[in-house]
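K.L.:
Construct the entire structure; sequences and hints are all you get.
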Amino acid sequence: MIDWVEELQQLRRDGTPAVLVTVASIKGSAPREPGAKMIVTAAGMYGTIGGGHLEHKAIGIARDQLAAGAAGGEVRRFPLGASLGQCCGGLVNLLFEPIDYDAAWLDALAALRSRGQEAVVVTMANARAGAGKLVVTREEAIGSLDSALDVRACELARELLADGAAPRLVAIEEGELRRTLYLEPSRASEFTIVLFGAGHVGRAIVRTLADLPCRITWVDERADEFPRNVPGNVTVACTDIPESEVDAAPANAYFLVMTHSHALDETLTERILRRTDYAYFGLIGSLTKRRSFERRIARRGVPASRFATMTCPIGVAGISSKEPAAIAIAVAAELLQARERRAAASAPGEARRA
539 MIDWVEELQQ LRRDGTPAVL VTVASIKGSA PREPGAKMIV TAAGMYGTIG
589 GGHLEHKAIG IARDQLAAGA AGGEVRRFPL GASLGQCCGG LVNLLFEPID
639 YDAAWLDALA ALRSRGQEAV VVTMANARAG AGKLVVTREE AIGSLDSALD
689 VRACELAREL LADGAAPRLV AIEEGELRRT LYLEPSRASE FTIVLFGAGH
739 VGRAIVRTLA DLPCRITWVD ERADEFPRNV PGNVTVACTD IPESEVDAAP
789 ANAYFLVMTH SHALDETLTE RILRRTDYAY FGLIGSLTKR RSFERRIARR
839 GVPASRFATM TCPIGVAGIS SKEPAAIAIA VAAELLQARE RRAAASAPGE
889 ARRA
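Take the sequence shown: its position 8, counted from the start at 1, is 546 in this note's numbering, and no numbers get skipped.
Treat the hints as calculated values from the structure; they're not laboratory data.
Heads up, a few of these hints could be off.
[Claimed, not checked] Here are the in silico distance ranges between beta carbons for each label pair:
hint : residue 1 : residue 2 : range
1    : G654      : S824      : 35 to 43 angstroms
2    : L715      : A863      : 51 to 59 angstroms
3    : G839      : R551      : 49 to 57 angstroms
4    : P769      : A789      : 23 to 31 angstroms
5    : E677      : E571      : 22 to 30 angstroms
6    : A863      : I710      : 45 to 53 angstroms
7    : S824      : E677      : 44 to 52 angstroms
For every residue, glycine included, the Cβ atom is placed at its ideal position computed from N, Cα and C.
P.N.:
Printed below as a string of structure tokens:
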């Protein structure tokens with residue numbers, strides 16, 4: 539998973555010019571969703587907008603912009619047909635932005651994200667050199683596009699925040715001019731995973747989830763069980779009180795329990811079941827382990843209805859291998875299914891995929 543804000547901050551520290559390429563909108567079938575990003579430098583790239591000829595073409599355009607010292611945003615339209623060697627049949631609008639590292643919006647957005655505060659980033663498409671960005675929260679607006687546009691841009695951004703909507707291109711009238719704005723929400727991660735256990739299966743799960751758009755808190759009492767290097771979306775919590783991380787987790791977290799101790803697994807299970815606001819709870823083990831935990835925890839006052847929210851055994855059906863990597867794939871697939879179900883349930887007005 540690419541954290542594009544952190545990546546741009548690192549490139550700024552390194553003094554590396556970059557172009558940010560964003561899927562601004564799509565029509566029909568397309569390889570990536572609006573908001574997908576790729577950062578292109580003269581020597582490398584980070585993230586993906588879907589691969590294939592579209593991505594290859596976008597990298598070439600971005601590097602041409604770098605070589606020319608281009609400035610200002612630009613939206614380009616790409617039909618996904620024979621000319622790109624892709625048969626999706628849809629249409630993609632890509633926003634190309636040579637990054638101005640002197641602009642204040644990057645640090646402002648990073649600070650908001652670190653506090654878990656929602657915002658909308660507003661960019662002027664096909665902008666002149668030096669055009670800024672506007673970072674809008676419910677309470678304030680940071681930066682400026684243009685004094686004549688800022689008020690309307692803030693209104694649109696706050697409507698998007700209120701609706702929980704996806705990124706979008708919006709055309710607005712400014713006198714006789716027609717301007718296009720790209721509005722993109724920046725939200726605290728809605729896919730927060732708290733993983734208890736740094737054993738062989740836990741390590742395999744972390745590797746499998748490394749490139750997915752999630753944030754993982756990885757909990758264990760044993761410091762020497764954690765690898766020296768962990769993926770960028772992982773925070774290690776080495777603690778003598780693992781159950782405290784249950785209480786610290788945000789609402790709608792995804793819990794996975796697979797520690798070295800059945801007694802600790804049971805303690806964590808009870809602590810999690812006493813919460814009522816998680817998105818998913820998976821416990822590694824057999825049906826026998828599940829029934830044993832249910833009997834003992836029920837005697838301590840946890841309602842029987844809570845056990846229906848626990849998944850044990852874990853992992854999608856049809857994968858019987860006990861190899862850690864296979865278990866990790868099955869568990870990751872189950873997490874993604876749970877996330878998709880929640881997303882579908884929270885968007886009743888949007889069309890479902892066939």
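K.L.:
Which numbered conditions among the earlier hints are violated in the structure presented, ordered from lowest to highest?
P.N.:
none
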